[in-house]
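Let's have the full structure, built from the sequences with the hints guiding it.
In order, the protein sequence lines correspond to chains A and B.
Numbering follows my numbering, in which position 56 of the first sequence is assigned residue number 70; successive positions increment by one, without gaps.
Numbering follows my numbering, in which position 83 of the second sequence is assigned residue number 97; successive positions increment by one, without gaps.
Just so you know, the hints here were simulated from the structure itself, not pulled from any lab data.
You can't tell identical chains apart in this list, so a pair holds if it fits in one copy or across any two.
Think about it this way: if two alpha-carbon atoms lie no more than 30 Å apart in a straight line, the pair counts; the simulated BS3-like pairs of lysine-lysine are:
#, residue 1, residue 2
1, Lys172, Lys17
2, Lys111, Lys172
3, Lys111, Lys17
Number of protein chains: 2
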Amino acid sequence: MTKGLLIVYTGNGKGKTTAALGMAVRAAGHGLRVCFIQFIKGSRHYGELDAVKRFDGLIDLHVMGKGFTWKSENLEEDTRMARRAWDFACETIASGKYPLVVLDEFTYLLHYRMLEIAPCLERLNNRNPDQHVVITGRHAPMELIEAADLVTEMQAVKHPYTSGIKAQRGIEF
Amino acid sequence: MTKGLLIVYTGNGKGKTTAALGMAVRAAGHGLRVCFIQFIKGSRHYGELDAVKRFDGLIDLHVMGKGFTWKSENLEEDTRMARRAWDFACETIASGKYPLVVLDEFTYLLHYRMLEIAPCLERLNNRNPDQHVVITGRHAPMELIEAADLVTEMQAVKHPYTSGIKAQRGIEF
Chain A
15 MTKGLLIVYT GNGKGKTTAA LGMAVRAAGH GLRVCFIQFI KGSRHYGELD
65 AVKRFDGLID LHVMGKGFTW KSENLEEDTR MARRAWDFAC ETIASGKYPL
115 VVLDEFTYLL HYRMLEIAPC LERLNNRNPD QHVVITGRHA PMELIEAADL
165 VTEMQAVKHP YTSGIKAQRG IEF
Chain B
15 MTKGLLIVYT GNGKGKTTAA LGMAVRAAGH GLRVCFIQFI KGSRHYGELD
65 AVKRFDGLID LHVMGKGFTW KSENLEEDTR MARRAWDFAC ETIASGKYPL
115 VVLDEFTYLL HYRMLEIAPC LERLNNRNPD QHVVITGRHA PMELIEAADL
165 VTEMQAVKHP YTSGIKAQRG IEF
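So this is what it looks like as structure tokens:
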């Protein structure tokens with residue numbers, strides 16, 4: 015038996031987005047089309063943007079949101095943007111063009127209650143049964159974990175920031 | 015302060031090799047050269063092999079070992095092969111050609127005592143101070159975790175094999 019998996023990478027450790035990026039290039043390596051939607055990291059300078067260019071036509075990357083975080087002074091506007099981003103994700107999933115869709119850092123929109131969980135899960139559960147969806151981000155809600163087929167929690171055992179080493183180009187971004 | 019990091023992805027969950035692959039393509043996206051050494055997975059059909067071809071000249075992939083596992087009837091031969099693989103890794107690290115070297119599934123060689131930990135750590139600690147090394151695999155020994163700058167433990171929260179769904183092309187390999 016094979017079926018499209020709902021995969022969640024959560025937890026406070028490093029490697030969630032990185033694992034999703036690895037899945038995207040592995041799938042593209044098999045010739046499968048991937049849509050990688052970043053819900054948080056708005057910077058245009060991340061190495062992943064340059065990396066996915068190498069898979070022209072196979073990996074489409076879309077950056078939603080407006081920067082490092084969705085939290086602003088204006089919760090109403092944030093919520094409106096979150097809904098727009100989710101609508102885009104739903105259209106992408108429903109388009110049938112992508113055997114794999116990555117919703118990177120999507121958990122935050124659920125965690126901060128910018129979206130209601132139940133209708134989101136309904137949309138995810140009603141997708142094409144062969145389609146894989148990967149969701150990353152801290153604080154994955156329990157309902158999402160229950161709905162998922164594969165869940166890995168990345169636990170931070172040791173982190174270099176605590177030793178005064180800053181994030182480095184090509185490694186962390 | 016920046017410095018070459020020793021990064022370890024361990025734990026029983028999915029995403030260790032995948033995160034290492036993501037790091038490789040992100041670094042290559044920044045134009046950094048990467049050597050990705052697979053110590054276990056000998057199959058030539060993995061999607062990562064096709065994926066890294068897109069980074070011709072930036073990501074070199076070497077498959078050591080002889081298949082899915084090192085465990086055989088002949089421990090002496092396994093140990094000899096493990097040492098040869100490690101020697102190759104040491105030469106790669108010392109060559110100075112690669113800002114990032116990935117030792118994928120390397121922990122098994124330490125866990126099964128095919129290599130002694132202390133001299134391995136000495137070689138890793140004496141590498142070029144700007145060079146990043148990523149090590150993946152279950153059962154990372156405590157000495158390795160102590161020597162590392164960044165350690166993430168991938169914990170399996172939920173795994174589809176337990177629901178009777180088999181590994182799928184483009185997703186798990």
